[in-house]
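Peer 1: Here is how the chains run, residue by residue.
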Amino acid sequence: MDKTVNQKAWFLVLPVFLVVAFSAVLPLMTVVNYSMQDTFGNNQFFWNGVGWFKELLDPSTDLGGRFLASLGRNLFFSLVILAIEVPLGIVVALSMPRQGWTVAACLVILALPLLIPWNVVGTIWQIFGRPDIGLLGYVLNAAGFDYNYVSNDIDAWVTVIVMDVWHWTSLVALLCYAGLKSIPEAYYQAAQIDGASRWAVFKAIQLPKMNRVLLIAVLLRFMDSFMIYTEPFVVTGGGPGNSTTFVSIELVKIALGQFDLGKAAALSLVYNLIILIVCWIFYTVMTNAGVERKVQAESEPAAEPKPATAIKPVPALKPKEGVA
Amino acid sequence: MARIDLVDLAHSYGGNDAPQESFALKPVTMTWRQGGAYALLGPSGCGKTTLLNVISGIITPSRGKILFDEVDITPLSTQKRNIAQVFQFPVIYDTMTVGQNLAFPLKNRGVPKAEIDKRVAEIGRLLDLEPYLNRKATRLTADAKQKISLGRGLVRSDVAAVLFDEPLTVIDPELKWQLRSKLKALHRELDLTMIYVTHDQTEALTFADTVVVMHDGRVVQSGTPAELFDKPAHTFVGYFIGSPGMNILPAEVRGREARVGGHVIALNRAYDNLSAAAKIEIGVRPEFVEVVAPAPGLLTAKIERLDDLGRIRFARARFGDAKLAARAPAGFTSADGMAGLKFDPSHVHVYADSLLVEGAA
Numbered sequence: 001m002d003k004t005v006n007q008k009a010w011f012l013v014l015p016v017f018l019v020v021a022f023s024a025v026l027p028l029m030t031v032v033n034y035s036m037q038d039t040f041g042n043n044q045f046f047w048n049g050v051g052w053f054k055e056l057l058d059p060s061t062d063l064g065g066r067f068l069a070s071l072g073r074n075l076f077f078s079l080v081i082l083a084i085e086v087p088l089g090i091v092v093a094l095s096m097p098r099q100g101w102t103v104a105a106c107l108v109i110l111a112l113p114l115l116i117p118w119n120v121v122g123t124i125w126q127i128f129g130r131p132d133i134g135l136l137g138y139v140l141n142a143a144g145f146d147y148n149y150v151s152n153d154i155d156a157w158v159t160v161i162v163m164d165v166w167h168w169t170s171l172v173a174l175l176c177y178a179g180l181k182s183i184p185e186a187y188y189q190a191a192q193i194d195g196a197s198r199w200a201v202f203k204a205i206q207l208p209k210m211n212r213v214l215l216i217a218v219l220l221r222f223m224d225s226f227m228i229y230t231e232p233f234v235v236t237g238g239g240p241g242n243s244t245t246f247v248s249i250e251l252v253k254i255a256l257g258q259f260d261l262g263k264a265a266a267l268s269l270v271y272n273l274i275i276l277i278v279c280w281i282f283y284t285v286m287t288n289a290g291v292e293r294k295v296q297a298e299s300e301p302a303a304e305p306k307p308a309t310a311i312k313p314v315p316a317l318k319p320k321e322g323v324a
Numbered sequence: 001m002a003r004i005d006l007v008d009l010a011h012s013y014g015g016n017d018a019p020q021e022s023f024a025l026k027p028v029t030m031t032w033r034q035g036g037a038y039a040l041l042g043p044s045g046c047g048k049t050t051l052l053n054v055i056s057g058i059i060t061p062s063r064g065k066i067l068f069d070e071v072d073i074t075p076l077s078t079q080k081r082n083i084a085q086v087f088q089f090p091v092i093y094d095t096m097t098v099g100q101n102l103a104f105p106l107k108n109r110g111v112p113k114a115e116i117d118k119r120v121a122e123i124g125r126l127l128d129l130e131p132y133l134n135r136k137a138t139r140l141t142a143d144a145k146q147k148i149s150l151g152r153g154l155v156r157s158d159v160a161a162v163l164f165d166e167p168l169t170v171i172d173p174e175l176k177w178q179l180r181s182k183l184k185a186l187h188r189e190l191d192l193t194m195i196y197v198t199h200d201q202t203e204a205l206t207f208a209d210t211v212v213v214m215h216d217g218r219v220v221q222s223g224t225p226a227e228l229f230d231k232p233a234h235t236f237v238g239y240f241i242g243s244p245g246m247n248i249l250p251a252e253v254r255g256r257e258a259r260v261g262g263h264v265i266a267l268n269r270a271y272d273n274l275s276a277a278a279k280i281e282i283g284v285r286p287e288f289v290e291v292v293a294p295a296p297g298l299l300t301a302k303i304e305r306l307d308d309l310g311r312i313r314f315a316r317a318r319f320g321d322a323k324l325a326a327r328a329p330a331g332f333t334s335a336d337g338m339a340g341l342k343f344d345p346s347h348v349h350v351y352a353d354s355l356l357v358e359g360a361a
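So the protein sequences, as listed, match chains A and B. First residue of the first sequence? That's 1 in this note's numbering, and the numbers climb one at a time after it. First residue of the second sequence? That's 1 in this note's numbering, and the numbers climb one at a time after it.
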């Protein structure tokens, strides 16, 4: 059959093309343009080539030092909240009821923090933690702890991390709960018959079945925490000093505080690139896990007549280790 | 290794206060002897899986006791009972190898490693799983998965019984036969008590030495396949076992005679003390009714069709409102569609309110 040639059909793509061009491509190109130039205001620009990028990646310069320090803080922050939220989320999901009206109650309670806007979360914790009028700060100080997130680095970090855990553990828990719900009852019964301990059930059944959702949870939480801005900005403003200044806060400071458009543009491009790379890694890992699952599913149907008596292993892909 | 006694055991999903008619498992008292191959046969929803889950401890019975070798184990959890169970759908721990899957029940019970290796190798050999023991238990065919599930059920040598809950549902018909004979062979080799739940009479009759038939939450008969065939204790058993099932006809029975629609059918035994209030029926297997040319003294029925099963032909006949099946001898034809029915008196049973009545000699 001949393929119909209709060049006019390209016009159908035009609206999407225009929207993407104006919403994504053109602004991005503007940023690329800025990143190559320097300006002293008055709409006058001077060509700077890759100068800003060189400076950005060189820790001995002011820009490079600030960027790399905030990047380090950001990675550390992501690592800490992942290390807390993922296990905590699993524990919460495991201890949730499986049926009855309590399920709905638990789901609503868990969903509440997720529904609060970022800056409101920041404001809540900013006030909650104040030593003079905040419940948390006041109680801690009354109990003899010298807690003040405005003046103490560690207190500021603890506050920001606890706030993020409070805000986002629910997401991990809800995803894990969905994963747990998909496990057929027969698995638990078989494990009972096999005399499996609670820990063995978790290791042999629940964890493997939660694999996929956990991967999604880690991806979402990593991306979100890596791009975090509003909450720490509202609570600590990046301080004390620069101790809670994450990349996004640094970026805003440079772009809007100092009006260094060239530096800010270079920084945001590198920032964007890091996020893209991490996304790509996660995407690859997840698709590979998906491929393995599909192959497994295809070998499952029982109705297919199979003459052999013994096991017929499916001679397909080697096991991918990506998920492990 | 144990004898299992059920003492007045009953279960209701609606709690103990629910009316007894609604019980999923009505009170039953019976014994499963050590080393027996039992089949628990009945239609879907008759309570067989409930009974199985009560024995394995997944369900705590509303009433009654379970004894393993005269020790009451009713309050014990599944883990503490010495029981293995294989489920309808294969359960595979897919992060482990096939061998680790088989070893799992032993490992959880702290069996020494040398002993585990020995048992796993033995079960692997019996189930033809040997080449795959070190392979990850993923991407296997349904029958391979179910073999692993069976293996996990059989791997413990000390179990009181192995319970199978329709384990071959997901398997192809051809492989079903092989796996079933494999199970039978394993039963002989391992000297385990096996209880096999199924709704397929062929499966039950080929696997078991004792078939327990359940109907509507009750155990209606327990006996060898031959007993179930020759002397069904309940009209349901007669109807459910055999293909086609037993003919059940409402009748008036007095002495050595049964009257069906005015015709007299001779009986081998005398029935004199039948309760007047009971619903009296006679039951006779199609194999023991022969269609012949109509003759005086024979019950005359209209032939509706002849089913040729290859080895044997069955005529479907209608007599008044009653339908029955009868053996059609080779060469039988009926010109006008009418035929006489010849009953074999020694195989005509009498039922009062669906229960078999033993006549006097």
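Derived by calculation from the structure, the hints in this document are not laboratory data. Even glycine gets a Cβ: it sits at the ideal position worked out from N, Cα and C. Be aware that one or more of the hints could be misleading.
Label-pair ranges, simulated between beta-carbon atoms [claimed, not checked]: (1) Ser182/A <-> Glu189/B: 35 to 43 Å; (2) Ala121/B <-> Ser197/A: 24 to 32 Å; (3) Ala105/A <-> Ala185/B: 24 to 32 Å; (4) Ala186/A <-> Leu355/B: 47 to 55 Å; (5) Gln20/B <-> Met223/A: 56 to 64 Å; (6) Ala186/A <-> Asn16/B: 37 to 45 Å.
Using 25 Å as the maximum straight-line C-alpha spacing, the simulated DMTMM-like pairs for lysine to aspartate or glutamate come out as follows [unchecked claim]: (7) Lys203/A <-> Asp344/B; (8) Lys181/A <-> Asp117/B; (9) Lys323/B <-> Asp344/B; (10) Lys107/B <-> Asp224/A; (11) Lys342/B <-> Asp272/B; (12) Lys203/A <-> Asp230/B; (13) Lys80/B <-> Glu185/A; (14) Lys203/A <-> Glu115/B; (15) Lys136/B <-> Glu185/A; (16) Lys209/A <-> Glu115/B.
Covered stretches of chain B (in silico footprint by chain A; criterion: 3 or more residues with CB under 8 Å from a CB of chain A, positions within the stretch not fixed) [unchecked claim]: (17) 105 to 113; (18) 336 to 350.
Peer 1: All hints, please: hold or fail.
Peer 2: Evaluated hints:
no.: 1; hint: Ser182/A <-> Glu189/B: 35 to 43 Å; verdict: holds (38 Å)
no.: 2; hint: Ala121/B <-> Ser197/A: 24 to 32 Å; verdict: holds (25 Å)
no.: 3; hint: Ala105/A <-> Ala185/B: 24 to 32 Å; verdict: violated (54 Å)
no.: 4; hint: Ala186/A <-> Leu355/B: 47 to 55 Å; verdict: violated (37 Å)
no.: 5; hint: Gln20/B <-> Met223/A: 56 to 64 Å; verdict: holds (60 Å)
no.: 6; hint: Ala186/A <-> Asn16/B: 37 to 45 Å; verdict: violated (27 Å)
no.: 7; hint: Lys203/A <-> Asp344/B; verdict: violated (64 Å)
no.: 8; hint: Lys181/A <-> Asp117/B; verdict: violated (35 Å)
no.: 9; hint: Lys323/B <-> Asp344/B; verdict: holds (18 Å)
no.: 10; hint: Lys107/B <-> Asp224/A; verdict: violated (42 Å)
no.: 11; hint: Lys342/B <-> Asp272/B; verdict: holds (24 Å)
no.: 12; hint: Lys203/A <-> Asp230/B; verdict: violated (52 Å)
no.: 13; hint: Lys80/B <-> Glu185/A; verdict: holds (20 Å)
no.: 14; hint: Lys203/A <-> Glu115/B; verdict: holds (24 Å)
no.: 15; hint: Lys136/B <-> Glu185/A; verdict: holds (23 Å)
no.: 16; hint: Lys209/A <-> Glu115/B; verdict: violated (30 Å)
no.: 17; hint: 105 to 113; verdict: holds (count 3)
no.: 18; hint: 336 to 350; verdict: violated (count 0)
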